[in-house]
Amino acid sequence: MFIINCPYCGGRDQSEFSAGGEAHIERPKQPTELSDDQWAEFLFMRKNVKGVQFERWNHAHGCRKWFNVVRDTTNDKIHAVYKMGEKPPIE
Amino acid sequence: MPNYRIKKTDHIDQTHRISFKFDEKTYFGFKGDTLASALLANGIHLVGRSFKYHRPRGIMTCGSEEPNAICQINGNTDLTEPNVRATEIELYEGLEASSQNCWPNVNFDIGGINNFISAFIPAGFYYKTFMWPKSFWKNIYEPLIRLSAGLGKSPTHPDPDIYDHKYVHCDVLVIGGGISGIIAAKIAAKNNLDTILIDDKNTLGGSTIFQNNESFKINDENSKDWLLNEIKELKKLKNLNIKTRTSVAAYHSYNYLLAKENLTDHLTKIKRLGIRQRLWKIRANKVIIATGAIERPLVFNNNDRPGIILANSVNKYLNFYGVTCGKNNFIFTNNDSAYETALSLFEKGISTKIIDIRKKTNSKIVKQAEKLGINIYWNSTVTNTFGYRKINSIEIMSLSDDGSNVIGEKTKVSCDCLAISGGWTPMVHMHTQSGGKLNFRETDQVFLPEETNSDHISVGSSNGDFELDEIIKNTNEKIKGLFNLEETEFEKTNVNCSKELDKKNIWLLPNKITLGKTKSFVDFQNDSTAKDIKLALREGFRSIEHVKRYTTTGMATDQGKLSNMHALGIIAETAGAKMGTLGTTTFRPPFTPLTFGAIVGRNVGDFFDITRRTPIHDWHLKNKAEFENVGQWKRAWYYPKDKENMHQAVQRESKAARDSAGILDASTLGKIDIQGSDASEFLNRVYTNAWSKLAIGKCRYGLMLNEDGMVYDDGVTTRLGENHFLMTTTTGGAANVLSKLEDYLQTEWPELDVFLTSVTDHYSTASICGPNSRKILIKLFPEINFNDDTFPHMSFKNSTLDDVNCRIMRISFTGELSYEINIEAKYGKSLWEKCIEAGKEFNITPYGTETMHLLRAEKGFIIVGQDTDGTMTPIDLQMDWIVSKKKYDFIGKRSLYRSDTIREDRKQLVGLLTEDPKEVLEEGAQIVSNLNNKPPEMLGHVTSSYFSPNLKKSIALAVLKNGKKMKGKKLIIPMENKNINVTVSDFIFLDKENKRLNA
Numbered sequence: 000m001f002i003i004n005c006p007y008c009g010g011r012d013q014s015e016f017s018a019g020g021e022a023h024i025e026r027p028k029q030p031t032e033l034s035d036d037q038w039a040e041f042l043f044m045r046k047n048v049k050g051v052q053f054e055r056w057n058h059a060h061g062c063r064k065w066f067n068v069v070r071d072t073t074n075d076k077i078h079a080v081y082k083m084g085e086k087p088p089i090e
Numbered sequence: 000m001p002n003y004r005i006k007k008t009d010h011i012d013q014t015h016r017i018s019f020k021f022d023e024k025t026y027f028g029f030k031g032d033t034l035a036s037a038l039l040a041n042g043i044h045l046v047g048r049s050f051k052y053h054r055p056r057g058i059m060t061c062g063s064e065e066p067n068a069i070c071q072i073n074g075n076t077d078l079t080e081p082n083v084r085a086t087e088i089e090l091y092e093g094l095e096a097s098s099q100n101c102w103p104n105v106n107f108d109i110g111g112i113n114n115f116i117s118a119f120i121p122a123g124f125y126y127k128t129f130m131w132p133k134s135f136w137k138n139i140y141e142p143l144i145r146l147s148a149g150l151g152k153s154p155t156h157p158d159p160d161i162y163d164h165k166y167v168h169c170d171v172l173v174i175g176g177g178i179s180g181i182i183a184a185k186i187a188a189k190n191n192l193d194t195i196l197i198d199d200k201n202t203l204g205g206s207t208i209f210q211n212n213e214s215f216k217i218n219d220e221n222s223k224d225w226l227l228n229e230i231k232e233l234k235k236l237k238n239l240n241i242k243t244r245t246s247v248a249a250y251h252s253y254n255y256l257l258a259k260e261n262l263t264d265h266l267t268k269i270k271r272l273g274i275r276q277r278l279w280k281i282r283a284n285k286v287i288i289a290t291g292a293i294e295r296p297l298v299f300n301n302n303d304r305p306g307i308i309l310a311n312s313v314n315k316y317l318n319f320y321g322v323t324c325g326k327n328n329f330i331f332t333n334n335d336s337a338y339e340t341a342l343s344l345f346e347k348g349i350s351t352k353i354i355d356i357r358k359k360t361n362s363k364i365v366k367q368a369e370k371l372g373i374n375i376y377w378n379s380t381v382t383n384t385f386g387y388r389k390i391n392s393i394e395i396m397s398l399s400d401d402g403s404n405v406i407g408e409k410t411k412v413s414c415d416c417l418a419i420s421g422g423w424t425p426m427v428h429m430h431t432q433s434g435g436k437l438n439f440r441e442t443d444q445v446f447l448p449e450e451t452n453s454d455h456i457s458v459g460s461s462n463g464d465f466e467l468d469e470i471i472k473n474t475n476e477k478i479k480g481l482f483n484l485e486e487t488e489f490e491k492t493n494v495n496c497s498k499e500l501d502k503k504n505i506w507l508l509p510n511k512i513t514l515g516k517t518k519s520f521v522d523f524q525n526d527s528t529a530k531d532i533k534l535a536l537r538e539g540f541r542s543i544e545h546v547k548r549y550t551t552t553g554m555a556t557d558q559g560k561l562s563n564m565h566a567l568g569i570i571a572e573t574a575g576a577k578m579g580t581l582g583t584t585t586f587r588p589p590f591t592p593l594t595f596g597a598i599v600g601r602n603v604g605d606f607f608d609i610t611r612r613t614p615i616h617d618w619h620l621k622n623k624a625e626f627e628n629v630g631q632w633k634r635a636w637y638y639p640k641d642k643e644n645m646h647q648a649v650q651r652e653s654k655a656a657r658d659s660a661g662i663l664d665a666s667t668l669g670k671i672d673i674q675g676s677d678a679s680e681f682l683n684r685v686y687t688n689a690w691s692k693l694a695i696g697k698c699r700y701g702l703m704l705n706e707d708g709m710v711y712d713d714g715v716t717t718r719l720g721e722n723h724f725l726m727t728t729t730t731g732g733a734a735n736v737l738s739k740l741e742d743y744l745q746t747e748w749p750e751l752d753v754f755l756t757s758v759t760d761h762y763s764t765a766s767i768c769g770p771n772s773r774k775i776l777i778k779l780f781p782e783i784n785f786n787d788d789t790f791p792h793m794s795f796k797n798s799t800l801d802d803v804n805c806r807i808m809r810i811s812f813t814g815e816l817s818y819e820i821n822i823e824a825k826y827g828k829s830l831w832e833k834c835i836e837a838g839k840e841f842n843i844t845p846y847g848t849e850t851m852h853l854l855r856a857e858k859g860f861i862i863v864g865q866d867t868d869g870t871m872t873p874i875d876l877q878m879d880w881i882v883s884k885k886k887y888d889f890i891g892k893r894s895l896y897r898s899d900t901i902r903e904d905r906k907q908l909v910g911l912l913t914e915d916p917k918e919v920l921e922e923g924a925q926i927v928s929n930l931n932n933k934p935p936e937m938l939g940h941v942t943s944s945y946f947s948p949n950l951k952k953s954i955a956l957a958v959l960k961n962g963k964k965m966k967g968k969k970l971i972i973p974m975e976n977k978n979i980n981v982t983v984s985d986f987i988f989l990d991k992e993n994k995r996l997n998a
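So the protein sequences, as listed, match chains Z and C.
Straight run, no breaks: the first sequence in numbering that gives the first Met the number 0 ends on number 90.
Straight run, no breaks: the second sequence in numbering that gives the first Met the number 0 ends on number 998.
Simulated from the structure, these hints should not be mistaken for lab results.
Incorrect hints may have been included.
[Stated by the list, open to error] With a Cα cut of at most 25 angstroms, we get these calculated PhoX-like pairs of lysine-lysine:
| # | chain 1 | residue 1 | chain 2 | residue 2 |
| --- | --- | --- | --- | --- |
| 1 | C | K739 | Z | K28 |
| 2 | C | K20 | C | K268 |
| 3 | Z | K28 | C | K885 |
| 4 | Z | K76 | C | K280 |
| 5 | C | K477 | Z | K76 |
| 6 | C | K436 | Z | K76 |
| 7 | C | K884 | Z | K28 |
| 8 | Z | K49 | C | K436 |
| 9 | Z | K86 | C | K739 |
| 10 | Z | K28 | C | K692 |
Whole structure, please, built from the sequences with the hints as guidance.
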């Protein structure tokens with residue numbers, strides 16, 4: 000049960016949020032021009048990192064805003080939180 | 000009866016006598032006793048039978064690590080509780096406890112025969128034996144295993160007690176109220192930090208509180224007296240909250256901890272008012288772990304008899320409860336701490352001798368014992384014990400030089416209590432639960448917390464400090480470091496104590512008898528022996544996690560608090576590995592078992608889950624509706640009249656809706672208000688069909704896909720204004736659809752000017768259908784022209800009903816002429832009643848969800864989630880007509896021509912008609928074409944099935960492999976008792992031309 004620092008509301012209990020999977024996977028602008036393999040890459044393939052992972056979270060039971068979180072999946076330590084569209088503050 | 004109560008102590012109030020029952024016999028104890036201390040005072044050691052061999056077992060410890068003395072309390076009442084540790088039950092007037100796992104009674108137990116056939120039930124016995132024949136599993140093996148599984152009996156009645164949850168935030172949480180916890184809490188609270196101190200006992204003080212030896216002085220006082228004074232001072236501190244009878248169950252990340260507080264278990268039943276247990280949900284800035292250490296037993300032949308007790312526990316029973324465990328005691332030890340027990344016994348004039356596996360040592364306390372003339376057998380071990388219901392003698396032999404064998408003659412001596420001590424294991428549970436790692440210290444073979452996290456520290460013996468002076472000094476230093484303090488009041492605390500000089504440990508003590516013929520218990524509760532562990536190693540198990548599961552060591556209700564280290568030690572010795580490299584098994588929460596009551600708290604009965612009711616709910620109740628759960632909603636299912644069953648009611652309702660008029664409460668449908676200049680573009684992207692050209696005042700059905708091309712949701716959306724739409728979703732999908740749409744808006748298309756608002760609860764909806772529905776609407780809204788040309792199908796109008804705004808949509812989910820009236824939720828019931836009143840002359844019939852499902856199935860309309868399951872594309876559903884070919888993109892479009900989604904032999908939606916029109920198929924039934932193949936190929940399954948009163952025959956929807964090309968094919972639905980013949984048909988069974996819609 001970690002605490003997530005929502006960029007709009009501040010620190011809140013994890014139970015207020017829902018996870019949205021890997022971040023920075025942009026929906027292709029021209030899907031029709033992609034091969035099956037290229038589309039499958041976008042649709043299905045995820046890194047599933049053990050360690051520092053960039054992921055999407057939604058303050059579902061709060062402001063309903065989506066944002067990005069840099070979390071270490073081995074110990075749940077959150078290194079950074081930043082808004083959608085912003086560059087990750089760490090590499 | 001012999002009396003083992005020896006003298007008054009501070010803790011026991013001998014003026015307050017308490018009667019209690021154990022195994023139906025009445026005994027007496029005193030206020031302050033635990034069930035265990037009261038039993039021992041009455042000379043009762045045998046309290047239970049072991050799990051596998053049914054060996055007699057006695058009280059072995061004085062705390063939460065107790066493996067043997069687990070009881071059933073309040074048997075045969077609704078308050079009954081199994082597997083409670085006698086060492087933790089505080090005595091109260093009227094307590095009734097009984098032993099477990101024995102029949103007919105604990106003194107004579109039929110299951111004891113297992114002890115004699117133990118050679119035939121080694122580790123992995125179940126895995127090896129109950130393998131074949133296959134047919135034996137269901138009727139012989141499983142009932143047999145179930146019969147012998149488990150210890151106590153679970154309650155058969157609902158729990159009458161109240162449980163509670165409470166959140167608390169603090170600066171500092173100190174776990175453990177022993178000497179180091181007390182020092183930590185005092186420093187924290189005195190430095191203006193909001194502090195909570197938790198201890199599972201009813202008094203603070205840990206094991207120093209019963210330390211009674213002149214070799215342990217703090218500031219020239221006896222350690223106990225110094226600590227008592229500290230506790231007195233502690234209780235005066237304002238920002239310190241002391242919680243006794245509270246045990247931390249779990250330590251989660253970000254310093255989130257769960258602690259269970261016992262509020263009434265120690266009280267006489269008539270005084271138990273209010274909440275029984277409270278689960279504290281604690282969020283602490285800093286956590287100080289001061290959970291202490293658990294004394295280790297020693298592993299030797301027959302080390303499990305009643306009367307064999309951990310040495311420090313014997314000391315606590317003596318000094319704290321005023322009870323001696325025996326009158327002729329032997330102390331068997333590998334370390335100095337047990338000498339305190341020997342000296343305490345000696346001081347009270349009770350016969351005591353010591354067996355020490357070490358060759359000789361000259362520490363202060365050992366010299367003290369020698370000076371008093373206590374007989375010490377150096378370099379010796381116990382090789383066997385005797386006595387059935389209680390130990391009566393032991394066999395002693397000398398150890399060889401390297402300690403690997405025994406030499407010389409056996410000495411057999413009588414005794415009635417053997418106090419054992421194999422050293423100490425720091426309780427690192429909390430540290431590891433929080434994610435902390437462990438390091439191994441070779442000198443005394445302990446795992447210690449590796450401190451890398453700034454959120455918590457371990458102090459005292461849980462950090463591996465076992466000497467009194469080090470405990471105080473190191474605790475003080477660590478707390479100073481944690482809070483960045485210059486100095487504290489404990490800076491100059493002067494400690495004078497005996498220090499251990501020599502250490503020796505043998506995990507499995509040697510014996511003349513071969514190991515196979517001994518019973519050297521490692522896990523007392525699960526009856527695993529050293530032999531079992533070695534067998535597992537011989538059979539090829541290497542990982543500690545595998546050995547644990549194979550032998551069940553550490554898997555009992557005590558979770559191996561006493562056994563895990565020995566198992567590890569024996570594995571290391573046998574495999575020739577270093578203990579530190581083997582790692583440990585995982586320490587999982589809860590630390591001690593939690594009641595289900597504490598876990599669920601108030602979330603029981605009506606509070607188990609949220610129930611959503613429509614504004615019309617009371618009317619449904621009054622009209623005797625049966626309800627169906629749809630997500631959290633209660634929806635009217637059908638309205639039985641007189642003595643109708645569900646089938647009869649649904650047939651009547653369905654017929655009435657098509658013959659005259661029916662009315663449905665559609666308030667639960669998800670409603671999303673969509674506004675913004677890009678609203679129509681947004682709909683274009685989320686639905687498969689085109690939305691830009693939808694005129695204001697018109698409605699359109701939309702199908703929403705996932706990005707993988709599979710149908711996700713459907714519903715009708717109405718254009719209320721140029722930039723204003725009202726979307727409806729399925730009842731169950733509402734929340735998910737909203738969150739999915741928000742996701743796309745915020746992350747993929749932030750450039751779109753669109754705002755979404757959930758208005759599901761804001762409007763109530765009455766849906767009126769049937770050939771007479773228009774007449775009813777005309778009565779309700781006389782100012783509206785309901786003609787087809789002014790108010791055609793799939794359009795909407797605003798109106799008022801008694802000055803309240805309404806939205807009227809002409810849309811249909813039944814295939815009949817149909818209108819939906821939306822009104823502000825608080826007028827929902829009034830609208831409904833007006834509809835019923837206006838419809839009376841047309842025999843308007845309220846119908847529920849079951850009839851709705853039947854009516855739409857007649858028309859071949861799908862229900863997302865019933866006829867689809869996340870693997871159906873619109874093409875599979877034969878809904879190609881709704882997939883725009885012109886639109887460049889929409890969610891899921893690209894996936895509709897992946898190699899897998901364009902396969903022709905996918906499962907597709909079809910209709911099924913039974914050979915016998917009266918035969919109604921079961922939903923979920925499998926469809927096959929040929930029964931000769933075993934197993935037959937499953938071609939698909941039935942998704943919806945009803946008897947249609949309007950068509951007077953059974954109809955079904957199904958998904959079928961290559962279904963589009965199967966029309967007219969005869970197939971078989973094999974059921975348990977018969978095979979049903981069906982023909983594949985069109986899935987629209989009624990009014991394919993939509994004449995009724997526009998009637």
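Exercise for review: Sort out whether K28 of chain Z lies within 25 angstroms of K884 of chain C, counting only the CA atoms.
Suggested key: Distance of about 18 angstroms is within 25 angstroms: holds.
**Study point:** Holds or violated: K76 of chain Z to K280 of chain C, with C-alpha atoms at most 25 angstroms apart
**Key:** 20 angstroms, holds
Practice item. Take the C-alpha atoms of K86 of chain Z and K739 of chain C, compute the straight-line distance between them, and say whether it is at most 25 angstroms. Key: With Cα atoms ~23 angstroms apart, K86 of chain Z and K739 of chain C stay inside 25 angstroms; holds.
Practice item. Starting from K477 of chain C, check that the Cα of K76 of chain Z is at most 25 angstroms away, please. Key: 24 angstroms, holds
Check your understanding: Between K28 of chain Z and K692 of chain C, is the straight-line Cα distance small enough, at 25 angstroms or below?
Key -> OK: K28 of chain Z and K692 of chain C at ~24 angstroms, within 25 angstroms.
Review point. Are the Cα atoms of K739 of chain C and K28 of chain Z separated by 25 angstroms or less?
Key: 18 angstroms, holds
Point to revise | Given pair status - K885 of chain C, K28 of chain Z, alpha carbons within 25 angstroms | key: 17 angstroms, holds
Review point. Hey, K20 of chain C versus K268 of chain C, does the alpha-carbon distance stay inside 25 angstroms?
Key: Cα-Cα ~14 angstroms, so holds.
**Study point:** Pairwise hint evaluation, K436 of chain C against K49 of chain Z, where the allowed Cα distance is 25 angstroms at most
**Key:** Between K49 of chain Z and K436 of chain C the Cα gap is close to 18 angstroms, so the pair holds against 25 angstroms.
Point to revise | Given pair status - K76 of chain Z, K436 of chain C, alpha carbons within 25 angstroms | key: 15 angstroms, holds
This entry satisfies every hint, going by the numbered hints stated previously.
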